[in-house]
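Q: As you go down the protein sequences, you meet chains A and B in turn. Per the working numbering, the first sequence runs over residues 1 to 44. Per the working numbering, the second sequence runs over residues 1 to 485.
Everything labelled a hint here was simulated from the structure, so no lab data went into it.
List of simulated lysine-lysine pairs, DSS-like, C-alpha gap at most 27 Å: (1) K248/B - K137/B; (2) K122/B - K77/B; (3) K137/B - K199/B; (4) K475/B - K29/A; (5) K477/B - K29/A; (6) K304/B - K319/B; (7) K69/B - K477/B; (8) K248/B - K356/B; (9) K9/A - K450/B; (10) K135/B - K122/B; (11) K23/B - K69/B; (12) K248/B - K168/B; (13) K29/A - K439/B; (14) K292/B - K91/B; (15) K9/A - K248/B; (16) K233/B - K7/A; (17) K68/B - K23/B; (18) K304/B - K3/B; (19) K248/B - K7/A; (20) K9/A - K447/B; (21) K477/B - K54/B; (22) K135/B - K273/B; (23) K137/B - K162/B; (24) K9/A - K199/B; (25) K447/B - K29/A; (26) K359/B - K319/B; (27) K450/B - K29/A; (28) K162/B - K135/B; (29) K23/B - K74/B; (30) K29/A - K233/B; (31) K359/B - K273/B; (32) K233/B - K248/B; (33) K9/A - K233/B; (34) K56/B - K69/B; (35) K7/A - K199/B; (36) K56/B - K77/B.
Covered stretches of chain A (in silico footprint by chain B; criterion: 3 or more residues with CB under 8 Å from a CB of chain B, positions within the stretch not fixed): (37) 8 to 22; (38) 29 to 42.
These figures come from a predicted structure and were not determined experimentally. All C-beta atoms in this analysis are idealised placements derived from N, C-alpha and C, irrespective of residue type, glycine included.
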Amino acid sequence: MTRRISKYKRFMMMNPIIQFFKFIYLSIKVLIVVAGGHGGTRNA
Amino acid sequence: MSKIVVLGAGIAGHVAASHLRRKLSKEHEVMVVSPNGNYQWIPSNIWVGIGRMKPKDILFPLAPLYAKKHIDYKQAKAVSFHPEGDSEENKPYILAEYVTGDEKGNQERVTYDYLINATGPKLNFEATEGLSPGKNKAHSVCTYTHAQEAWIALEGLIKQMKEGKKVKILIGTGHAKSTCQGAAFEYILNIEQELRRHKVRDMAEITWISNEYNLGDFGMDGMLMSYGSNIMKSSEMVEMIFEDRGIKWILEAGVSKVEDGVAHYETLDGAYKKESYDFAMLIPSFSGHGFKAYDKSGEDITDKLFRGFMIVDADYAPKPYEEWSVQDWPETYQNPSYSNIFAPGIAFAPPHSISKPRKSKNGTDITPAPPRTGMPSGITAKLVADNIIEMIKHSNDELHHKGSMGNMGAACIASAGFGMTTGSGVSITTYPIVPDYNKYPDTHGRKLGKTFGTIGLAGHWLKLALHYAFIYKAKMKPFWWLIPE
Ligand SMILES: Cc1cc2nc3c(=O)[nH]c(=O)nc-3n(C[C@H](O)[C@H](O)[C@H](O)COP(=O)(O)OP(=O)(O)OC[C@H]3O[C@@H](n4cnc5c(N)ncnc54)[C@H](O)[C@@H]3O)c2cc1C
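For reference, chain B alone in the conformation it holds in the complex (with noise of 0.2 Å):
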């Protein structure tokens, strides 16, 4: 018998200890350690923050669905790693410290055969000064109750532009490394959409602000995609969507400071220079947990297990973006050190960037770290979990699946507005997510045809539909597992 235990319960962890649990006899134990003691959809977040859906519409708490599917659970938050055990506990462990309950402060050592860290990121609010969710009137979308608290405030500043006050609205990126530009990008357009359905256009001037050095690059080097019957860059097609709404754009920006209304960047000339607004919504930088792991005598072997993000099969060695190649990327998530150990979905360190990086004049670097998204995290968890699946049933270490992001394709249903008439996505495919520019030399390391980007009405309705496929995926009803990641 072993024992499978998954640190995190968002969509990798879930989709890990779902497909364990599935295909693993009941003698196997799945546990599950997470501090949330809800399963949230984090991408319909756009939606809560535009006040179109509840935060209940998105979440379901995953204790009564764990205890059903004979999953043990856990809340409780990984609080270090001892994947030696020490000089009491023999087997390795991690140590975990209730968040809830009559427990609340207690620790636990919490054995394990197998691990899969899928911890995902830390909002590292920190790194900006004066960036926390719902002060400075500065907000984030990346939780449900940020995004609740996001479309409060939004909400009365709608209230005050119907009384007359003409307003500045600021979105995008608030750290010179973060991601996720894509979860900015749908919010900016939602919200463009909301304040014409609402009639007050006209009093918002709305502005784009990344880290980003073309628009549309998302982190990701920016696509040549197929576009109808043409071929656009992705910077070609953002440009057109946000000259075609008013949206005005800072690029190349790393954000510092936040003051009450005022947001302070430097971009790659050097120069510094701020931005006031009346609402804005920030995403933040995302770093490790800042987890620690000894060895059985208690030495801190942090470094075998972390750089910032937890260590697997990627190659870190660092060299210049000229040399950079699919090959640098991990196809099995297993960690060097200890092939017990996995980290699926953002719990990975990344080689490096996907962007070409950029340092300002004074050396700051200002380059959007490398998106994980929904899909990819999905695939990566199921693909550890088969291969520990494996490796149970046949007493095995070899890993048959694999799954790099150099070789792994990924669609992107940015909503645009919310509506069943009214609504609109930009639906973007990339194959691969990594650019392979010595496979596709001549289309920007991808293939057309699989990357390819188009907008409309289709769109909104495809992001619903998945919205519901995968809340309904994620509760495990009759047949989930016929859902692709």
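So here's chain A without its partners, still in its complex pose (with noise of 0.2 Å):
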């Protein structure tokens, strides 16, 4: 094993504080990304 994640960085991954807000984040993201729409290539 490598470590490849440095201690803070792994702390801030699984702080449940932290991360409650990330998820928070990530879900409006999320639903930007998908609710953002889709549409043809051909004619745009």
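Put the two chains together into one complex, using the hints given.
A: As structure tokens, this is what we get:
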């Protein structure tokens, strides 16, 4: 195993409080990408 | 009154049937023909495969729901397509064969005005010699039964590890042209985390084997993505995760044969190699179901409807990778020969792969097939339903609803471990799914910002939230349609 994720980064990734806000951010971000619409490409 | 027949009750078929039923008055008939009596939320099979969910958590029976919602249902499989009817039947029909109960084996002509073929892929295990779920210590997580069997085998192996046995675990693609690398990626990370939870991680060597040219290709030619304040390649992100988790990798590998505990593969440089294992999960190649089609006189017209998967409004003219464009990809999923037949989800024939095609020195194609994940499957099914509804309501053949994978975003929330406080997820969004190298020439065909990746506990929560949300939606509970595809 080679440590590629620093202790600080791992703390940020696994801290439930930080991650709670990340969860909200992610949900909105995913919604924007998905609900952001779709369409054709040929007459664009 | 119109009759719409939907073949398949997976993500695409069920989304199409439920939207059609909600938006069309009861004078129109919506019928689903599908052999599996259960709806399954396939993405959560990963958690069945590590014993953290049971099959019952990810499925529910279709018949009671369809009866309640006035959707006709036949537990049968489509056998052949007759888009012009025949000498005895004037209307177009599909021949369906019942798969259960007293009627098992009986065939019936199911007529339609509109047909949605949402039969997804055939899991083509036969394309790889010796690859069959549960045989030769190789498993699958593509269905809940496969995933359950995989977990039973893995649980036995964990027991042996606790008794001191060192083992080798091999996860990845089981054919030179497999797709669905994302599912295997989730499974390898979940297994790695479970082994740590069981305190046997040091007893296992875990290896990723894949037909990808680079890590993180995922059959989508890789991605350049925003990662925090940096810009990162998906290959760099996956490499970072694998190294951090102590996972080895074998790339450019076309698995051709599986024997008891041994996977034989060929690499792009033409070498033939093998890798031994005590437990493997190898995704098979996907193929069409081998349906036949006939015209009114009984002539075989399979070529008009199928090229493996169903032919739709894509540009299938063969051309080199450098000339591929997003315009090759279908927009309406309508069959060009029969305007009342559509194929959303995995059932449509893609024009070509998304990843750059590569051949080994021996001439073997070792290229991931293009993935059609849950989100595009749902979106394309909904737009097909909307077009049919407009065709019925306005007696008009114009299709206003379009959704090319070259102009559509997708989110892939890959589970990287289960647990409310210890879990993790690799959340990736991509826009567009098929890279548009003309529109986004400097960012590998994708729009940065809308193409981003992040790792952490929130990803696990999101994946779990999506599990509950999509099962709620599939059960057509109050306001289900507010949840986007
Ligand atoms: C393990 C795994 C994990 C995944 N994880 C994710 C994920 O996290 N996110 C994501 O977006 N995607 C994920 N996917 C991909 C996703 O599951 C597929 O994109 C999606 O299921 C495709 O939907 P579909 O309706 O086209 O096909 P399917 O879901 O395969 O449905 C096909 C339907 O057709 C029926 N059928 C088969 N033969 C016939 C016949 N002859 N006649 C009538 N009906 C027939 C089947 O019974 C089934 O009901 C995952 C896939 C796997 C295997």
